[in-house]
Structure formats: C-alpha cells, structure tokens
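**Q** Each chain, letter by letter, is given below.
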Amino acid sequence: MSEPVHRLTRRDLFRLGLAAGPAALVAACGWDGGPVLEPRLRAFSRINDWIGERVLLSPRRLAREYPVEARTPPFDFPSYSITYNRTGGFPAPDRPEKWALEVGGLVRQPLRLTLEMLQAMPRVTYTVKHHCVEGWTAIGSWTGVPVSTVADLAQPKAEAAFLRFDSFDSDYYNGWDLTSAMHAQTILAYAYNDQPLSAMKGAPLRLYSPIKLGYKMTKYLTAMTFTRTRPGGYWEDQGYPWFGGV
Amino acid sequence: MESAAVPRPPVKRHHGIVRVAHWLNAIVLLGMIASGLQIYGAFSHFGIRGGTFPLPNPLDGKPIPQWGRLGGWLAGGLNWHFALAWPFVITGLVYLLFLGLTGEWRALLFRPRDLGPAVRMQLYYLKLRKEHPPQGKHNALQKGAYTFIVLLGALSALTGFAIYKPVQLSWLASLFGGYELARYWHFVTVWIFVGFTLLHVALVFLVDPASLRAMITGWYRGRFPSHE
Numbered sequence: 000m001s002e003p004v005h006r007l008t009r010r011d012l013f014r015l016g017l018a019a020g021p022a023a024l025v026a027a028c029g030w031d032g033g034p035v036l037e038p039r040l041r042a043f044s045r046i047n048d049w050i051g052e053r054v055l056l057s058p059r060r061l062a063r064e065y066p067v068e069a070r071t072p073p074f075d076f077p078s079y080s081i082t083y084n085r086t087g088g089f090p091a092p093d094r095p096e097k098w099a100l101e102v103g104g105l106v107r108q109p110l111r112l113t114l115e116m117l118q119a120m121p122r123v124t125y126t127v128k129h130h131c132v133e134g135w136t137a138i139g140s141w142t143g144v145p146v147s148t149v150a151d152l153a154q155p156k157a158e159a160a161f162l163r164f165d166s167f168d169s170d171y172y173n174g175w176d177l178t179s180a181m182h183a184q185t186i187l188a189y190a191y192n193d194q195p196l197s198a199m200k201g202a203p204l205r206l207y208s209p210i211k212l213g214y215k216m217t218k219y220l221t222a223m224t225f226t227r228t229r230p231g232g233y234w235e236d237q238g239y240p241w242f243g244g245v
Numbered sequence: 000m001e002s003a004a005v006p007r008p009p010v011k012r013h014h015g016i017v018r019v020a021h022w023l024n025a026i027v028l029l030g031m032i033a034s035g036l037q038i039y040g041a042f043s044h045f046g047i048r049g050g051t052f053p054l055p056n057p058l059d060g061k062p063i064p065q066w067g068r069l070g071g072w073l074a075g076g077l078n079w080h081f082a083l084a085w086p087f088v089i090t091g092l093v094y095l096l097f098l099g100l101t102g103e104w105r106a107l108l109f110r111p112r113d114l115g116p117a118v119r120m121q122l123y124y125l126k127l128r129k130e131h132p133p134q135g136k137h138n139a140l141q142k143g144a145y146t147f148i149v150l151l152g153a154l155s156a157l158t159g160f161a162i163y164k165p166v167q168l169s170w171l172a173s174l175f176g177g178y179e180l181a182r183y184w185h186f187v188t189v190w191i192f193v194g195f196t197l198l199h200v201a202l203v204f205l206v207d208p209a210s211l212r213a214m215i216t217g218w219y220r221g222r223f224p225s226h227e
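Line by line, the protein sequences give chains A and B. Per numbering that gives the first Met the number 0, numbering through the first sequence is continuous, rising by one, with the last residue being 245. Per numbering that gives the first Met the number 0, numbering through the second sequence is continuous, rising by one, with the last residue being 227.
Note that these hints are calculated values from the structure, not bench results. Hints may be right or wrong, so weigh each one.
What the hints assert, rightly or not - The following residues of chain A were derived to be distant from chain B, with all beta-carbon distances above 10 Å: (1) N47; (2) R94; (3) L110; (4) S197; (5) T226.
Unchecked claim - No farther apart than 20 Å at their CA atoms in a straight line, the calculated lysine to aspartate or glutamate pairs in the EDC-like style are these: (6) B:K164 with A:D48; (7) B:K164 with A:D165; (8) B:K11 with B:D113; (9) B:K129 with B:D207; (10) B:K136 with B:E103; (11) B:K164 with A:E64; (12) A:K97 with A:D75; (13) A:K97 with A:D165; (14) B:K61 with A:E133; (15) A:K156 with A:E115; (16) B:K164 with A:E133; (17) B:K136 with B:D113; (18) B:K126 with B:D207; (19) B:K136 with B:D207; (20) B:K11 with B:E130.
Claimed, not checked - If you want the footprint, here are the derived chain B segments under chain A, 3+ residues with CB under 8 Å: (21) 34 to 41; (22) 47 to 53; (23) 67 to 73; (24) 76 to 82; (25) 139 to 152.
Heads up, the beta-carbon is just placed ideally off N, CA and C, and yes, glycines get one too.
Between the sequences and the hints, there should be enough to build the whole structure, so can you do that?
**A** Written as structure tokens, this is what we have:
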C-alpha cells in the first residue's frame, strides 16, 4: 500500500489564498495603518478638507435654529478640556481681571478686546445643534459677537488666509479657514443658555459655530490671529480632520 | 435538477470590470465596516443627548471588540473611513455605469414581473417544486438579491453623507429623519451588509461553488445551465 502523495494543486493554492486573505485582514484590525499608511491617510484627509471647504460648504447657508424648549439639559451636554483631563480642574486665566482677547497677525488694526468691549458690540443669540466628532449631538443657546464683526474692526490684510484661535487651556488651539470663520453663525460666545459662560463651557470667551464639529470651537480664548499659512490644531495635529465642518 | 453528464463548455459570465469591482468592493467594504465600528465606539448610543430614541439598538453601550475595529482610535477610524469612502463610491458608480452602458442591468434588475418567478424559485429551493424554473443569466431570487444589495450600498453612502455634513447637506439628513436617525440607519446598513455577505458566501459554497471561480476568472463551468 503506498502513501497518498500530497501535491499542491492549483486548487489548493487557490484555497490557501481564500483563507489567507481574511486572516491578514483580521490581523490588521485595530490597526491605525502603521508608520507608512497612517501619514498617507492623514494626507488623504486633506483632500476631504478641500472638498468640505470648497465644494460642500456654503458661506451663506445657515444652520437650523431651534426653540429654546429644545435645549438639552445642561447636565447632559458635556464639555471637554485638556487641562481638566490632566488636572481635574477647569482652566482659569492667570489674572481674570486682566483678561482680554488679542486680535492680531495680518491685520491693519490690532485689537485688545475686554469682555465689556465685546459685550457692548452687536450680539447674536441662537439655539442650535452641536455636533461632536464622537457622534453625539446636543442643543444649546449661545450669545456672542460674530467673528466677522471683530474682523471688520481689525481689517485683515489681503494676504490673510487663515485664522488661528489660541486658548489658556493647556496647549489647545485651532486653525480655521476664513470662509467658515466669517460665517454669520460663527461667534465669539460669552453666554450659554442666557447665562455667562461657566468655567466648564469655556469662560470667559469661546468660539462657537453650528457649522463645525465641537473640537474646532476653541474654548478659553486668549487670541485670534490672522495668518498666511495654515495653522494646525491640538487634535488636528494628532490626526483629526483639519476642516471639521458639518 | 440533474448534473450534466456531458461536460458543459465553459461560459464567460463576468466582465473584468465586474470582477474587479466585486473584489475591490469586498475589501473596501470590510475596511468601511471596521473603521465605522471604530467610530461608533466613540459614542455607542443613538439619539440626541438628554433625549429619548424610539428605535432599538441591541448594541447600545456595548464595546466593539478589537478585531472588529480599524484605525486604532477615533481619528484613525475617521481617516480610514473617509479615505475608503472614495473607492467605495467610485467602485459603485463605475459598476452601475458599466451595467447601464452594456445593458447588463437587464439580467440583474429585479422588476415586478420577476415576482412570480421568484416565488417559483423559492418553492424549488424549499423542495416544494421539482423542476428548476427556467431562467436567464440569473434567477429571479438572485436578481432580487443583487438589486437589493445595490440599493443597500446607495443607502449606506447617502446616510453616510447625511451624517458627514448634516448642516451643509441638511436636506439629505432630513430625508432620513434628521442627523440622529440617519446615523442609526447608517449603522443598520452595516448589519444588513454583514448578514447579506454571510448568506451570499454560504450560498456560493453550498449551492454553486463554480460561481466563485467565475467571479475570479470570469468563466463559469458549473452545473447550472443559467445561460440563454
């Protein structure tokens, strides 16, 4: 009796391929793409940023407003802070009585705006839906000055192409495209649900806009700077989509 | 039906474009689902915060196992998802364009007149009918399945766009009942895709393994005389 001879037939190779494909894919799961693919995915994300800004963003379309009864109970509306994650306490300006927003960079008229000065400007109040990158939504009312109003006072130069918003929340900052920043609903907010901002919500002043994801709305503002080159952002530098528009 | 005693000559069944689209889509869809589950894991609930949501989610609050995720963390999942969305949509459009231009859609689109044949085919599969009903390239149940999966693909892409830009594409989001519901339907399409694929693969191996080779080489040498 002779042993059956095992030979790798084409059919065997074919079956091996069928088994190896899914096995490789399963092994790849939970994977960020590694040192080769991950940077490429980030670079690819810039194409989606471009589509988001140049194709899908309408400078004049307004996000829907809701009645105040639709507000999410404040307790159910979370706010994230880098300082809070590190220390368990919300960030506070070094000297609250000296706090002011610095408006500068590529502008003809640099400004230093105190909260009183901002509150004296024409205000916008709206009740809108907040979209977090994590997938949750919440509705809240926000009051503040349109970024475009402040920009008109500062008179950005022709070469200004981006806005950078800095904060006193550790190293948190964001870069914005000008189209989104000059949108009528993009405001420097000082009140949430008719009350002055709490430390949790970004006091004394924060960026708010219903056309961006939450992580684009810099809280605890210190400066608003017009730049020629594209500023990154705290999360954006770590891989989150830069444009972050909804 | 009886197996052919005389070997049937091989028939060319799938054009190269269809085969490339099929396998590319299989890989891309797997990546879309895994990166989508990574994203879902960042907030594994539906409905607005502080509100109630009317539809069931057996996976509410459940962590997604590591082997089912792609991207490592939320940002990685997003970048995979929004990059793979391109080949997913482009492959789908190229496939549909091919079907439209070549007239191949006639063999695949389920129409009202396929209802009767679909019932007869189901009876045959349930062994309540002896004769294999006559068919063209695909039987009526297959047409139903292949029409359904294209619609499901379109639904997954459209709900995806609705939750990607719920303000700029607010008309699309409201078509699905708003952002929160669109996100739910997007999630539901995942599980229909998973169920469809498991059934699809099971049927290939149980009923007509030769169709697998046909989807790779283009040539069908199986036992179903499914050609005019």
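**Q** For every hint, state whether the structure bears it out.
**A** Status of the hints after comparison with the structure:
The Cβ of N47 of chain A sits about 5 Å from the closest Cβ of chain B, inside the 10 Å cut-off, so the non-interface label is violated. The Cβ of R94 of chain A sits about 35 Å from the closest Cβ of chain B, beyond the 10 Å cut-off, so the non-interface label holds. With a minimum CB-CB distance of about 30 Å to chain B, L110 of chain A clears the 10 Å threshold, and the non-interface call stands. Its beta-carbon lying about 17 Å from the closest one in chain B, S197 of chain A satisfies the requirement of being farther than 10 Å from that chain.
Chain B leaves T226 of chain A outside its interface by the beta-carbon criterion, the shortest separation being 23 Å against a cut-off of 10 Å. As the CA atoms of K164 of chain B and D48 of chain A are separated by approximately 12 Å, the hinted pair is consistent with the 20 Å bound. A C-alpha spacing of about 26 Å is found between K164 of chain B and D165 of chain A, which places the hinted pair above 20 Å, so the restraint is violated. Of the supplied pair hints, the one linking K11 of chain B and D113 of chain B is violated, its CA atoms being roughly 24 Å apart against a limit of 20 Å.
Under the criterion of a C-alpha separation no larger than 20 Å, the hint pairing K129 of chain B with D207 of chain B is consistent with the structure, at around 18 Å. Among the hinted pairs, K136 of chain B with E103 of chain B is consistent with the structure: their alpha-carbon atoms are about 10 Å apart, no more than 20 Å. Proposed proximity of K164 of chain B and E64 of chain A is supported: the alpha carbons are some 16 Å apart, at most 20 Å. Taking the CA atoms of K97 of chain A and D75 of chain A, the gap is about 32 Å. The hint is violated against a cut of 20 Å.
A hinted pair counts as satisfied when its Cα atoms are at most 20 Å apart, and K97 of chain A with D165 of chain A qualifies at roughly 17 Å. Our distance criterion of 20 Å between C-alpha atoms is met by K61 of chain B and E133 of chain A, whose separation comes to about 15 Å. Taking the CA atoms of K156 of chain A and E115 of chain A, the gap is about 26 Å. The hint is violated against a cut of 20 Å. For the suggested pair K164 of chain B and E133 of chain A, the alpha carbons sit about 14 Å apart, so the restraint of at most 20 Å is met.
Distance check on the hinted pair: K136 of chain B and D113 of chain B sit about 13 Å apart at the alpha-carbon level, within 20 Å; holds. Restraint check for K126 of chain B and D207 of chain B: satisfied, since their Cα atoms lie roughly 17 Å apart, inside the 20 Å limit. A C-alpha spacing of about 14 Å is found between K136 of chain B and D207 of chain B, which places the hinted pair at or below 20 Å, so the restraint holds. Proposed proximity of K11 of chain B and E130 of chain B is contradicted: the alpha carbons are some 25 Å apart, above 20 Å.
Three residues within the 8 Å Cβ limit are the bar, and the stretch 34 to 41 of chain B against chain A gives 3, so the coverage statement holds. Three residues within the 8 Å Cβ limit are the bar, and the stretch 47 to 53 of chain B against chain A gives 4, so the coverage statement holds. Residues of the stretch 67 to 73 of chain B lying with their CB closer than 8 Å to a CB of chain A number 7, which satisfies the three-residue condition for coverage. Counting residues of the stretch 76 to 82 of chain B whose beta carbon lies closer than 8 Å to any beta carbon of chain A gives 5, which reaches the threshold of three, so the coverage claim holds.
Look at the stretch 139 to 152 of chain B against chain A: 0 of its residues bring a Cβ nearer than 8 Å to a Cβ of that chain, fewer than three, so the hint is violated.
In summary, the structure is inconsistent with hints 1, 7, 8, 12, 15, 20 and 25 from the numbered list given earlier, while agreeing with the others.
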